[in-house]
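Student: Full structure from sequences and hints, please.
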Amino acid sequence: PKIVSGPGPDPNCFKPWSAQTKYMQWDKKPGPYRIAVVNGFVGNTWRIQMLQTAKAYAEQSGVKEKIKEFKVVSTGTDVAAQLGAIEDFINQGFDAIITIAVAPDGFDRVIRLADRNNVVIVPFDNVLDTDKVMQVNEDQLEIGRLSARHLLKELGQKRDGKILEVRGLPGNSVDRDRHLGFREVMEKEGKFQIVEVVGNWDDGTAQKATADAIAVHGKFDGVFTQGGSTGSVRAMMDAKHPFVPMAGEGENGFRKLIAQHASAGLKGFSYSQSPGLVSISMKAAISALEGNPMPQLISVPIPAVDYTTLKDNVNYWSNLSDNFFAANEFPACGVNVTAPEIMAKDAKNTQ
Amino acid sequence: MTRAAATRNTPQAYRLGPDDKPVVFAAGFVLLILIVGTGYTLFTQGSMPLLQPQYLLQQLQVGSFLGIVAAGLMLVILLGHIDLSVPWTLTAAAMMATAAGGAWALPVGLGIGLLVGAINGLGVAYLRVPSMIFTLGVNAVMRGLMVAHTGGFAPQTAATDLMQYLAVARIGGVIPVALLVWLVVSIVVVVVLTRTILGRAIYAIGNRERAAYLSGIQTNRVILVAFALSGAMSGLAGVLLAGYSTKAYQGMGDAYLLPAIAAVVIGGTNILGGRGRYLGTLLGVILIVLLNSVLSIMQMPEAGRQIIYGTVIIAMLLVYGRGNTVTG
Amino acid sequence: MSDAVLTRDAAEAGDAARRRGSLGLKLQQQAGILGALALFIVLYLFYQANHPRGFTGQILIQNANEAFALALIAMAQTVPVLMAGLDLSVGAVMTLSGCIASHLVNGTPSEIALGIATCIGVSASCGFINGCVVVYGRIQPIIATLATSAIYMGFALILRPTPGGKVHEDLSWALTNDVREFALTFGLFENGEAAWLQPFAWVPVPLVLLGLIVVLIWVPFTRTVTGRTVYAIGSSEGAAYMSGLPINRAKLAAFTMAGLFAGLGGLFLALQTSSGNADIPQAGAYTLNSIAAVVIGGTSLLGGTGSAIGSVIGALVLRTISFNFRIFDIAPLLQPLFEGLVLLAAVSLGGLKLLRLKNKLEVFR
Amino acid sequence: MTEPEPFFVLENVSKRYGGVHALQDVNFACARGSIHAVLGENGAGKSTLMKIMAGVVQPDVGRMMLEGSPVAFPNPAAANRAGIVCIFQELSLMPELTVADNITLSNPPYRFGLIDGRAQRRRSEELLARVGCEDINPSSRVADLPLSRRQMVEIAKALGRNPDLLILDEATSALTAKDVDRVYRLLFDLKARNLSILYISHRMHEIEALADRCSVFRNGRHVETFTKGARSRDEIIGLMIGREIEGQFPPKPSRPRPAPLIEIRDLAWENRLTGVTLEAGRGEIVGLGGLDGQGQKELLLALFGVLRGVSGKVMVEGNVVAPSSPNAAKNGRARLALVPEDRKSEGLILSMSISDNLSMASLGRLSWGPFINAGRARAAVERAIEQLRIKIGDPSDPVSTLSGGNQQKVVIAKWLATNPDVILLNDPTRGIDVGTKQEIYRLMRELAEAGACILFYSTDYEELIGCCDRVAVMYDGRIVRELAGDAINEHNLIASALNIVEQREPTHV
Ligand SMILES: Nc1ncnc2c1ncn2[C@@H]1O[C@H](COP(=O)(O)OP(=O)(O)OP(=O)(O)O)[C@@H](O)[C@H]1O
Ligand SMILES: Nc1ncnc2c1ncn2[C@@H]1O[C@H](COP(=O)(O)OP(=O)(O)OP(=O)(O)O)[C@@H](O)[C@H]1O
Ligand SMILES: [Mg+2]
Ligand SMILES: [Mg+2]
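Residue numbers (the working numbering), protein chains in the order written: chain A, 1 to 351; chain B, 1 to 328; chain C, 1 to 365; chain D, 1 to 509.
A couple of the hints might just be wrong.
[To be verified] With a straight-line cut-off of 27 Å between C-alpha atoms, the simulated BS3-like cross-links for lysine-lysine are:
hint: 1; chain 1: D; residue 1: K228; chain 2: D; residue 2: K191
hint: 2; chain 1: A; residue 1: K66; chain 2: A; residue 2: K55
hint: 3; chain 1: C; residue 1: K360; chain 2: D; residue 2: K228
hint: 4; chain 1: A; residue 1: K2; chain 2: A; residue 2: K28
hint: 5; chain 1: A; residue 1: K132; chain 2: C; residue 2: K360
hint: 6; chain 1: A; residue 1: K240; chain 2: A; residue 2: K219
hint: 7; chain 1: A; residue 1: K55; chain 2: A; residue 2: K22
hint: 8; chain 1: A; residue 1: K162; chain 2: A; residue 2: K191
hint: 9; chain 1: D; residue 1: K191; chain 2: C; residue 2: K358
hint: 10; chain 1: A; residue 1: K28; chain 2: A; residue 2: K55
hint: 11; chain 1: A; residue 1: K158; chain 2: A; residue 2: K240
hint: 12; chain 1: A; residue 1: K132; chain 2: A; residue 2: K2
hint: 13; chain 1: A; residue 1: K188; chain 2: A; residue 2: K153
hint: 14; chain 1: C; residue 1: K360; chain 2: D; residue 2: K344
hint: 15; chain 1: A; residue 1: K66; chain 2: A; residue 2: K132
hint: 16; chain 1: A; residue 1: K29; chain 2: A; residue 2: K132
hint: 17; chain 1: A; residue 1: K22; chain 2: C; residue 2: K166
hint: 18; chain 1: A; residue 1: K162; chain 2: A; residue 2: K240
hint: 19; chain 1: A; residue 1: K2; chain 2: A; residue 2: K15
hint: 20; chain 1: D; residue 1: K297; chain 2: C; residue 2: K353
hint: 21; chain 1: D; residue 1: K313; chain 2: C; residue 2: K358
hint: 22; chain 1: A; residue 1: K2; chain 2: C; residue 2: K166
hint: 23; chain 1: A; residue 1: K28; chain 2: A; residue 2: K64
hint: 24; chain 1: C; residue 1: K26; chain 2: C; residue 2: K358
hint: 25; chain 1: A; residue 1: K15; chain 2: A; residue 2: K28
hint: 26; chain 1: A; residue 1: K153; chain 2: A; residue 2: K29
hint: 27; chain 1: A; residue 1: K132; chain 2: A; residue 2: K153
hint: 28; chain 1: A; residue 1: K28; chain 2: A; residue 2: K132
hint: 29; chain 1: D; residue 1: K297; chain 2: C; residue 2: K358
hint: 30; chain 1: C; residue 1: K360; chain 2: D; residue 2: K297
[Said to hold, decoys possible] Chain B residues, not near chain C, derived (Cβ > 10 Å throughout):
hint: 31; residue: S47
hint: 32; residue: Q164
hint: 33; residue: G172
hint: 34; residue: L295
Keep in mind that the hints were calculated from the coordinates and are not lab data.
Quick reminder that beta carbons are idealized off the backbone N, C-alpha and C, glycines included.
Tutor: What follows is the structure, encoded as structure tokens:
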């Protein structure tokens with residue numbers, strides 16, 4: 001792709017990461033296109049919801065017409081397999097490949113091949129440490145900062161005390177960035193004792209870790225859980241820990257709990273790393289294939305709510321499962337697949 | 001690797017012998033962990049919560065999930081086999097239980113566990129596929145089924161009240177019900193291993209299946225039953241775990257396989273089968289759970305955790321006086 | 001085998017028969033590998049035939065790159081399995097080696113050489129340590145390596161708390177392409193245009209490396225007393241000891257070999273991804289797949305029979321299965337299920353031979 | 001006859017295993033150019049002595065001198081280097097490896113620094129030829145050979161290390177008469193080449209045929225060494241077991257042949273059983289004769305439900321039975337029991353306790369539903385122990401600490417606990433000393449008298465002659481001749497075993 005100067009189409013959907021973000025432009029190709037999604041690990045709710053969203057979005061009218069062939073594979077946690085799959089799809093002559101990188105490095109070779117064959121690769125969610133491809137993500141550092149600011153706001157004048165930070169998968173860049181963002185603000189604004197435990201973004205693990213932390217440290221003044229937020233809240237409830245200001249992921253269950261217990265002190269904030277990112281990535285890929293200049297790094301607005309803005313059947317669903325991620329649609333991008341639509345429909349309308 | 005030629009074998013659970021060594025050492029190590037942990041908390045915030053009953057009870061409550069899994073796994077390991085399908089057997093049981101909901105939740109959960117275990121047993125006993133690999137395959141299949149299930153059927157995932165009661169309720173606000181469930185399971189396992197034909201047959205097969213078969217023991221059936229029991233226990237653990245976090249979700253079992261294996265061998269059960277006492281497994285579980293908790297409290301980084309895990313396992317097995325060499 | 005008296009000519013007849021019989025015997029003893037090979041060929045031809053750009057260089061290269069690491073891990077797993085032990089640390093050793101590579105395999109040629117040497121040295125030592133724990137600690141291999149794998153993972157995480165690093169780009173590019181590209185990158189053989197090179201200029205470098213490793217390391221190993229002793233131990237450790245074979249040396253060697261192969265695998269993975277990543281799930285996945293590959297490759301987990309070559313084929317079978325997923329349209333959420341079923345079927349094939357078993361005692365070995 | 005100067009000498013050697021004195025202050029010497037027999041009951045210390053000489057175990061005290069200079073062997077390899085090679089009674093072959101590998105592995109021929117497969121095979125063929133086993137293919141797996149051939153391979157393997165001192169510890173226990181002859185010839189040949197040979201066997205006639213000198217051991221002590229012929233067989237036996245023993249075999253009752261309990265009609269399996277027809281009634285001991293590997297073992301296994309795809313009929317009291325597994329066999333219309341070929345891997349679970357082993361086959365009758373009735377089990381164990389006079393310390397010791405004879409008694413006892421109607425015995429006296437043998441013969445007769453029907457396979461003609469009411473001689477998977485009464489004699493047995501009598505239907509002499 002050529003490096004060009006912006007702006008690109010649809011700026012409030014394809015929002016450049018920063019003023020410095022450069023723009024890329026691929027040679028225009030005639031549609032309809034062959035698009036592949038190369039997922040890595042499957043077997044957690046987020047990924048399932050993502051795959052469903054991708055499928056649904058590809059069916060959505062206005063998109064359907066532009067896609068000739070749509071293929072999805074999950075390669076598991078094995079980077080060699082994921083690289084292989086991407087390269088294979090390049091060889092098969094696909095026009096665009098959407099992927100969640102298993103690792104932030106190691107894609108140089110496939111990127112080289114893609115450029116050679118004028119194929120658009122769009123990593124999202126777990127993005128690559130490179131500026132040679134167009135990528136789509138929410139700003140993880142900002143997520144950390146927002147969470148910190150929420151806690152500070154809810155703590156009022158209090159600028160000391162114990163804060164519990166339940167981290168995600170060790171070694172993952174997302175975990176790292178959210179952590180850094182959070183610490184940056186917290187440490188600037190006050191002198192808190194921040195207790196760190198590892199929750200692996202998994203409810204059970206987060207629940208145990210939180211329970212341990214409470215058992216040892218007694219009372220916390222605020223909690224930031226990167227994921228498995230429901231677990232953390234459950235642990236507090238089991239331990240009869242008073243509800244305190246809290247920031248966490250966008251699981252429906254977490255939002256349900258906030259809605260229930262906000263009055264009792266669970267002053268919650270729920271951002272969402274949305275599975276809907278996949279649709280934006282697809283949209284971006286198509287737009288790129290149509291020859292539009294695209295920001296190299298697309299920053300998707302962070303869909304966040306707090307206890308004041310929660311609304312049943314709008315940004316959470318009190319009568320549906322805890323597990324899925326509430327924020328799925330991005331109206332600004334014409335991505336209107338809502339979480340319930342894909343996660344709460346029964347067998348008949350899947351097959 | 002060589003089957004020990006003249007190692008003592010102690011189906012009778014309670015009796016002094018080389019098999020007591022693991023029990024003693026494991027118990028000692030549990031104390032050590034508590035002391036170290038307390039030292040840490042004393043140093044950092046001048047309190048010693050680890051020695052307070054509510055902390056210990058809470059650990060036992062959390063530990064009972066692992067404990068139940070390990071109990072089942074021990075039966076299989078005593079046969080000289082292994083069950084790698086635990087993670088997704090557990091998850092599947094939990095998810096189907098919540099999906100069924102209501103009064104059916106519990107039976108469905110256990111039933112799924114039993115069924116998957118039986119399938120493992122069929123493959124291992126009748127097809128004679130190495131358990132290491134067959135259960136691996138079954139695990140993958142179960143994962144596939146659950147992914148399709150969640151994606152396709154938007155199942156109900158909320159744990160029923162009964163499940164939550166079993167997992168988190170406390171009798172008189174003190175004794176966790178989960179702990180009692182674990183206790184019942186333990187009693188069943190001890191009785192099976194020490195007082196029943198099945199138990200005797202399990203030890204016999206673990207030592208030398210050929211001879212057991214020629215003694216008229218229906219070895220295939222025994223293997224099948226053992227795997228089915230192990231599966232059922234995974235299922236039970238899954239149901240409880242779902243109750244604990246009030247919901248079933250993808251991958252909830254991932255954290256249970258390796259710790260369970262570790263607990264069983266740290267408890268002195270011979271990974272090649274034929275030898276081992278349940279009491280050891282019990283202590284092995286407590287050891288693992290406390291170790292986890294203390295490391296988490298110390299905010300030990302992942303690297304450190306891994307290294308400590310490995311070292312502990314090796315250290316324990318080394319002090320147990322090592323397996324036998326080739327006999328003359 | 002009747003004890004009827006052998007008259008002179010009867011004996012000769014017997015000899016002749018034996019000469020003829022020998023080949024059949026060989027094949028029959030290699031049945032496992034041959035079966036795996038057949039399975040692989042069928043699956044792979046199927047894939048190639050249905051691929052839009054079937055039977056072309058790029059595809060071969062891509063497949064080779066994807067399969068290499070797994071193939072080596074499978075080889076690594078084979079050696080301990082041959083003596084009836086499992087090595088659950090191969091994945092970890094691979095990861096550790098990769099993380100080291102991502103620090104050291106860069107810069108001047110001599111630095112690179114040193115880096116590579118370090119990777120190999122460290123991973124071989126890891127294997128050797130496993131051996132020591134098993135031999136002198138007398139701990140069952142499967143548990144010993146379960147423990148050491150955690151330790152090695154720990155060190156890998158210390159080296160690479162988060163993924164990253166860099167390896168020499170040309171090297172990485174050259175090793176993940178075909179022979180011509182390789183020659184071109186390093187300006188060898190008239191930049192790969194040498195006439196004699198053309199017939200096999202299309203061969204992917206990973207395949208060449210794999211071949212070299214098998215021919216230069218594995219085959220010689222099996223033709224040493226140490227190597228044979230590995231088989232002997234798997235067959236009957238007591239007998240091996242009584243026969244005065246070097247038991248401990250063989251065990252140490254076996255685990256060291258495992259470490260070595262795993263290290264080479266990790267090295268390649270690092271080159272392929274030009275980075276290191278201490279990814280615990282990935283290490284676990286590789287370890288488990290290595291076992292599957294070994295079994296599919298016709299090596300008995302009870303030890304004594306089998307070969308690393310079979311395991312390589314087993315690894316190729318595993319990979320080829322997932323290749324086919326990219327050709328055929330299977331609902332994304334059903335793929336894991338299919339994968340599981342295929343794996344289960346593949347490993348259960350062994351069960352069929354039971355049906356032919358006439359003496360039930362042969363079931364128990 | 002002058003004392004030959006000693007080649008290998010042990011002085012005041014002792015070895016204890018926990019409480020057991022395996023060897024106590026033993027002085028022993030053997031000379032070149034002679035075959036030296038070592039005799040003793042099970043557990044007398046023979047194997048231990050040999051294992052010490054061969055470096056498998058180290059003595060607690062005492063020293064060893066090889067041609068005058070003191071030596072110590074930390075492991076078998078060291079002993080081999082010193083020219084001492086032992087054929088252990090637990091065969092030391094690697095089943096999954098080829099015959100060639102087994103024979104040459106300890107010092108293989110090299111080529112370019114690597115093992116040379118072809119040379120290996122050639123060398124093995126030569127060695128096999130020397131022991132008269134041209135018919136064994138060097139590249140076939142040992143696992144595929146029958147026990148008798150394996151022992152020959154074992155011997156070839158030992159030869160391959162061209163030893164100065166060759167030890168055979170019950171190395172012929174499974175050999176057939178013909179192989180034994182070959183081994184005899186071989187041993188004499190080796191003796192002629194001035195080797196020193198130690199020969200352990202529980203078969204008196206072998207000792208008499210081979211040995212120049214005999215040493216008798218008892219409870220770990222060296223009782224006496226004497227030259228051949230210095231003592232009578234009975235004296236020797238007396239020395240071995242420390243008491244006189246009268247007639248070895250219990251008298252056979254003379255009574256009409258009983259009605260058949262079990263009838264076998266045209267039993268066939270693979271190519272190992274080609275139409276066996278046999279009858280046996282209560283109170284009968286029916287011997288299975290013939291060369292090793294003529295289908296006797298298969299016949300027993302087939303009856304016991306271990307073999308698949310068996311054709312033909314088996315009838316018990318007129319009703320057809322077809323047990324599909326040992327379990328079915330032991331609980332069937334007629335309760336069957338099998339004392340299998342190899343007690344160490346098939347008869348016993350060595351690492352489990354004596355009591356567990358004794359109750360292993362009869363758990364069903366010792367329990368309420370699924371629960372074992374501890375009391376009844378203990379009682380049964382005690383009954384078994386004193387019924388067979390098994391010498392043990394504590395019933396909870398591992399059965400592996402018993403000597404072979406007592407181990408074999410445990411195997412038999414565990415089956416008697418199921419009080420079987422039909423008892424299948426597969427060479428039950430292999431590697432067992434005279435005293436114990438005698439007890440087993442008496443036991444067999446008692447069981448028969450008590451109404452059991454016994455099928456008894458043995459490689460030892462004396463036994464067949466001494467114990468059996470009838471002997472069915474098998475050849476190539478069929479019964480070629482049935483001998484009864486006085487017709488059961490060495491000549492008839494050998495003749496029909498080699499099937500020299502021209503083919504005809506089984507005759508009742
Ligand atoms: N490894 C051992 N551990 C404990 N006791 C042993 C061991 N080896 C031998 N013994 C004891 O030493 C005694 C002598 O054993 P040994 O093998 O020499 O008997 P043996 O003469 O070979 O008997 P057999 O004629 O059955 O071969 C046995 O009674 C046994 O109890
Ligand atoms: N590992 C061991 N622990 C305890 N005792 C042993 C061990 N190995 C052997 N023995 C004792 O040594 C004796 C001789 O050992 P061996 O294996 O030769 O048995 P055996 O008496 O010779 O029986 P058989 O002649 O049938 O082989 C055995 O009877 C047994 O009591
Ligand atoms: Mg002996
Ligand atoms: Mg003996």
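Student: Are the hints correct? Go through all of them and say.
Tutor: Results for each hint:
no., hint, verdict
1, D:K228 - D:K191, "holds, 15 Å"
2, A:K66 - A:K55, "holds, 14 Å"
3, C:K360 - D:K228, "violated, 47 Å"
4, A:K2 - A:K28, "holds, 12 Å"
5, A:K132 - C:K360, "violated, 63 Å"
6, A:K240 - A:K219, "holds, 10 Å"
7, A:K55 - A:K22, "violated, 30 Å"
8, A:K162 - A:K191, "holds, 9 Å"
9, D:K191 - C:K358, "violated, 44 Å"
10, A:K28 - A:K55, "holds, 25 Å"
11, A:K158 - A:K240, "holds, 23 Å"
12, A:K132 - A:K2, "holds, 10 Å"
13, A:K188 - A:K153, "holds, 14 Å"
14, C:K360 - D:K344, "holds, 18 Å"
15, A:K66 - A:K132, "holds, 25 Å"
16, A:K29 - A:K132, "holds, 20 Å"
17, A:K22 - C:K166, "holds, 24 Å"
18, A:K162 - A:K240, "holds, 17 Å"
19, A:K2 - A:K15, "holds, 19 Å"
20, D:K297 - C:K353, "holds, 24 Å"
21, D:K313 - C:K358, "holds, 18 Å"
22, A:K2 - C:K166, "holds, 26 Å"
23, A:K28 - A:K64, "holds, 19 Å"
24, C:K26 - C:K358, "holds, 22 Å"
25, A:K15 - A:K28, "holds, 21 Å"
26, A:K153 - A:K29, "violated, 50 Å"
27, A:K132 - A:K153, "violated, 39 Å"
28, A:K28 - A:K132, "holds, 18 Å"
29, D:K297 - C:K358, "holds, 14 Å"
30, C:K360 - D:K297, "holds, 14 Å"
31, S47, "holds, 30 Å"
32, Q164, "holds, 29 Å"
33, G172, "holds, 40 Å"
34, L295, "holds, 12 Å"
Consistency with the previously given hints fails for numbers 3, 5, 7, 9, 26 and 27, ordered from lowest to highest.
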